[in-house]
Amino acid sequence: MPLYLCNTTRGAINDDAKRKIAADITRIHCDVTGAPAQFVHAFFVENDTAPPLGDKTAVLFATIRAGRTEDQKARIIAEMQDSVRTHAALDSDAVGMITADVPASWAFEGGEVMPEPGEEAEWLKRHHRSESGD
Amino acid sequence: MINCNCIVQANQFSADTEMALRDKLTAFAEHAFGEPADITWRVIPKNSGFTAARPSVSSIILVSANRPLPQSERAMLLEQMCTLWASETQQSLNEVVGVISDPQA
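Keeping their order, the protein sequence lines are chains A and B.
Residues in the first sequence are numbered from 33 upward in steps of one, following my numbering.
Residues in the second sequence are numbered from 46 upward in steps of one, following my numbering.
If you are wondering where the hints come from, they were derived from the structure by calculation, not from laboratory data.
Careful: at least some of the hints might be erroneous.
Stretch-level coverage of chain A by chain B, calculated; a stretch enters the list once three of its residues show a Cβ under 8 Å from a Cβ in chain B [unchecked claim]:
1. 44-55
2. 76-85
3. 114-121
Note that the structure is predicted; figures quoted are calculated from it, not measured.
In this text, a Cβ means the ideal position worked out from N, Cα and C, and glycines have one as well.
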C-alpha cells in the first residue's frame, strides 16, 4: 500500500510510458506523503472491469492509507493525472482518477500490520530497509 | 460469500499453484468468516506491474470481511492469510500485501 491501479482502453499506454508513469506515481506519492518508495505499487490493466472506464481512456484508482489530507490527495490527483496525460499523450478530459482511504491497520505488508502514515521509520528499521527503497 | 480479490503478476504462478491458493483461500474464508471465498483472480500483464518503480513481484490479496473485526483478530487473520500465501508460493512476506476490510457502512 498504496496500490495505484490504472485501467485503460487497449493499447492506450505503451510499455515505455507505463514505466515512466510508474516512476512518476512513486515519486509523487513519496514527495506528497513522505512514505517510503517500497510501499508504492503501480499496476496497469487494460479493458478491465475495475476501475470502470466510463467515457475515459484511462482511470487511475488509488487505494491509499487513511490519514492523508484533502490537500495531499488533491495534489496526488492533479500531478498523477498530468503524468498519465503527458506520457500517454491523452487529452486532459480522457484521464480520470479516484482515491480511496484504507486504514493502515487493515493492511499487512512485510510480515506485519502496516504502520500509520508518518510512523514508517520503526517499521523500516525492523525490516532493515533504507528509505531509499534498498 | 467472502469477496477475495487476488492481484498477481503475469507468469508468476503455475496453474497448480493458483489452484492450491484458491483452495487454501476458500478454506481460510470458511474458517475465518464461516463462508466460502468468491475469488477474483486478476493477472497484471507483463511489463505492467511496478513496486518502488521497479518491475514488481508483489502479490496483493484484498478480502472483504462479513463483519467488523476487532483489530487483534484482524491482525491474526492477516498474518494467517499472508503466511499461507507465502508458504504456497515460496514468496517472501515482503512480496505479499494483504488487506482485510470491514463491511462498508
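Run through the hints listed earlier and report the numbers of any the structure violates, in increasing order. 3
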